[in-house]
Structure formats: C-alpha cells, structure tokens
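2 protein chains.
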Amino acid sequence: MSKNIVWHETNVTKEKRILLKKHKSYVLWFTGLSGSGKSTLANALESKLYELGHHTYLLDGDNIRHGLNKDLGFDKDSRVENIRRIGEVAKLFVDSGSIVLTAFISPFITDRQIVRSLVQENEFIEIFVDTPLVVCEQRDPKGLYKKVRDGELKNFTGVDIEYEKPLNPEIYIENSQTSIDENIQIILTYLKQKDLIK
Amino acid sequence: MSKNIVWHETNVTKEKRILLKKHKSYVLWFTGLSGSGKSTLANALESKLYELGHHTYLLDGDNIRHGLNKDLGFDKDSRVENIRRIGEVAKLFVDSGSIVLTAFISPFITDRQIVRSLVQENEFIEIFVDTPLVVCEQRDPKGLYKKVRDGELKNFTGVDIEYEKPLNPEIYIENSQTSIDENIQIILTYLKQKDLIK
Numbered sequence: 061m062s063k064n065i066v067w068h069e070t071n072v073t074k075e076k077r078i079l080l081k082k083h084k085s086y087v088l089w090f091t092g093l094s095g096s097g098k099s100t101l102a103n104a105l106e107s108k109l110y111e112l113g114h115h116t117y118l119l120d121g122d123n124i125r126h127g128l129n130k131d132l133g134f135d136k137d138s139r140v141e142n143i144r145r146i147g148e149v150a151k152l153f154v155d156s157g158s159i160v161l162t163a164f165i166s167p168f169i170t171d172r173q174i175v176r177s178l179v180q181e182n183e184f185i186e187i188f189v190d191t192p193l194v195v196c197e198q199r200d201p202k203g204l205y206k207k208v209r210d211g212e213l214k215n216f217t218g219v220d221i222e223y224e225k226p227l228n229p230e231i232y233i234e235n236s237q238t239s240i241d242e243n244i245q246i247i248l249t250y251l252k253q254k255d256l257i258k
Numbered sequence: 061m062s063k064n065i066v067w068h069e070t071n072v073t074k075e076k077r078i079l080l081k082k083h084k085s086y087v088l089w090f091t092g093l094s095g096s097g098k099s100t101l102a103n104a105l106e107s108k109l110y111e112l113g114h115h116t117y118l119l120d121g122d123n124i125r126h127g128l129n130k131d132l133g134f135d136k137d138s139r140v141e142n143i144r145r146i147g148e149v150a151k152l153f154v155d156s157g158s159i160v161l162t163a164f165i166s167p168f169i170t171d172r173q174i175v176r177s178l179v180q181e182n183e184f185i186e187i188f189v190d191t192p193l194v195v196c197e198q199r200d201p202k203g204l205y206k207k208v209r210d211g212e213l214k215n216f217t218g219v220d221i222e223y224e225k226p227l228n229p230e231i232y233i234e235n236s237q238t239s240i241d242e243n244i245q246i247i248l249t250y251l252k253q254k255d256l257i258k
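Sequence order for the protein chains is A and B.
Residues in the first sequence are numbered from 61 upward in steps of one, following the numbering used here.
Residues in the second sequence are numbered from 61 upward in steps of one, following the numbering used here.
Read the hints as simulated data drawn from the structure, not as lab findings.
A few of these clues could be false.
As the list claims (entries may be wrong) - Derived DMTMM-like pairs: lysine to aspartate or glutamate, alpha-carbon spacing no greater than 25 Å straight-line:
hint : chain 1 : residue 1 : chain 2 : residue 2
1    : B       : Lys-130   : A       : Asp-155
2    : B       : Lys-84    : A       : Asp-190
3    : A       : Lys-82    : B       : Glu-111
4    : A       : Lys-258   : B       : Glu-111
5    : B       : Lys-136   : B       : Asp-120
6    : A       : Lys-214   : A       : Asp-190
7    : A       : Lys-81    : B       : Asp-120
Please build the complete structure, drawing on both the sequences and the hints.
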C-alpha cells in the first residue's frame, strides 16, 4: 500500500507536460459565421505553430461531428451540448500541455462563456473572425447558404438564428479586408506579446 | 481562393505530429474491476513514460466523470455512452500524436471492441488488470464495495453486473501476484518489443 502512495506522488501533472513541450498550453477558440474563414485560418495558424515547434491539435467539424458528437443533431439543445463537449475536450487538451485550436460557429455568448470558465483566465483566447454575411454567402464554400435559400436547410446561423458577436474577444479579425497571411500575423503578434509562443 | 487551397495542402497531419513528438501514438486501455489497481498502474506507467520523454495523457474518472461525462448516470445506457465518448476522445489524442492511457472498469467486451475499431489495428493495446474480486473487496480503496454490501450502491460491476473478461488482451497483468514495478516492467517490455517506445 505504501508503494501505491509513493507512485501517486509522482503523477505526471499539467506542469510537467508543459515542461516537456517547452511552451504554454491554451485554447485558440475561433468563432464566426459559416464561411467566415475560421477553419482556413485555424489550419493556417496550426501549420505556422507547427513550423515553430509547438504541439497543437485542431478540433473541427471533421473530427468532432463524425465521432464524439455524432449522436447530436442541430436543434438548440444539441447545439448547446455540441459546444459543451468541445469545450470539455479542449480543456483535456490544455491539461495535456497542448495548444488546441477550435473552429466552430459557436453562435451563443453564453456557451462560449461556459467554455471560457472551464480553463484558467489566460488559457482561453477568443478569436472573432468577423466576415460580413453577404461575403460568407458569396463564398459559400460548402454550398450551405444556397441550401438555406432553397429551403432545404433550417435553423442556420446568420439567417434563421442570430449569431451573437463576441463583445470583447482577445483577437478581432476583419476577414474581408485582410489576407490570410496578414491575419496569421495579427494572431502571432498577440501570442508573442502574451508570451504564449516560443 | 487559390491561397486558401495552398494553405489546406499544408495541414498538420497525425504523421507530422508524430514526427515532432518522436514516438508513435496509441491507446493503452486498462480494464478490470473496481479496486483492481488500474489507476495506480496507469499512473505509474505514465510517470515512467514521461521519464523516457514521451508525450502522454491519462483519461480517468477524475477528469472525465466531472467534465465531459458529467451528464451521464450509471445505468446501462449511460455506461455504454460513457465508454463510447472516452473511446472517441482517446482517438483524438492518438490523432494528436500522444500516447493516451485510460483507466476505466469498461466491463463489456462489445464496448471495448467498439473503441478498438475506432483506431488502427496497432494503436489499441488492451491491458487486462486481473485481480480476484476477493482481493479488490479487501483493498476497497474508495469504500465502494462496502457501500454495495450495505445496499447503498446498486449495479456494481463484479457484484450485480458481470465483468466480461478480455478474451485476448494484448497485455495480461495478474495483479495480486506481482508488484507494481514488476507489472510496469511487463508493459514496458511489450512496448519495446512492438517498437512503441523510444
């Protein structure tokens, strides 16, 4: 029994994992309309962070909606539960010492606030990708806005459901005005200022 | 638009994350009765892997039941959903390039089989911690067996619900006969043979 207690004292902690990875761990939470460019920007940023030797992971529709959250629909309750679970998984990744990027519309202030409250104050960085609805509709990378206009898709954020803009995001990206490179630079500058990257 | 496509081509993949971490990623799935010593062993192994410079994360009751799965009870359906979600999260950690250890009773063969099928064939290592019920009851580290005997706790694995032993686990630990050090050595030997650790 005393042997068990000794082992428990040597548990691997978040602090130890951070030491191994040589950088802080936190959530980069991208939020914005469908077609705003969240995923493209998150992917580009992850590539840049990887080049700089950081341990990252990206949560997005591809790896969440077909896996952990495949039991959820798109009604209000399901959308809330969707974001809750993503927040809890993001917290686990922060605890594991990684930088986790998330790219989900996450339209409700309350839900984003709940995720923020799961981690420490300096571990949640909200990145508001602010692209005008008209631009998102023109891009329509997944053809979803067309489906909405054709009546094939309901409860769509920005059309039927309001997107609640972040009131005070850590990083603000006006995505119709600037290039991906410029936007990445804005984020990297913030992360450097806060001593969050090497 | 062409710029976006270029960015997508440089996505950070599982292979790239594995390159950065310099070891393979996989699940070490500990299964066994309550009090069998799963958590103690998983913790001890994680410490050892950390010492050897591996990037690990441990999923257990402490970080799952109070977070991601706090909406779940202990009825049959909830227990199945509990393991399903843990499996999906484990898959995400494998995709992130980490070695993920899990310590849950996970009493049903079908559920463990589902988790196994989520990852590649060589990425799921089932570790059966086989401790006789009578020994688990004597240890009773959380006082749960006493509660069961006093009628305060129902549906308890090994007492009311059958624990379905793994038929062909990758690693078999007879935990009443050997010390923690010896058991860790058994696991490390297996991982070395399979070229899964540095």
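Hints versus structure:
1. B/Lys-130 <-> A/Asp-155: Holds, at roughly 18 Å.
2. B/Lys-84 <-> A/Asp-190: violated (39 Å)
3. A/Lys-82 <-> B/Glu-111: holds (15 Å)
4. A/Lys-258 <-> B/Glu-111: holds (23 Å)
5. B/Lys-136 <-> B/Asp-120: The given pair, whose Cα atoms are some 19 Å apart, holds under the 25 Å limit.
6. A/Lys-214 <-> A/Asp-190: holds (22 Å)
7. A/Lys-81 <-> B/Asp-120: holds (22 Å)
Checked against the numbered hints above, the structure breaks only hint 2 and satisfies the rest.
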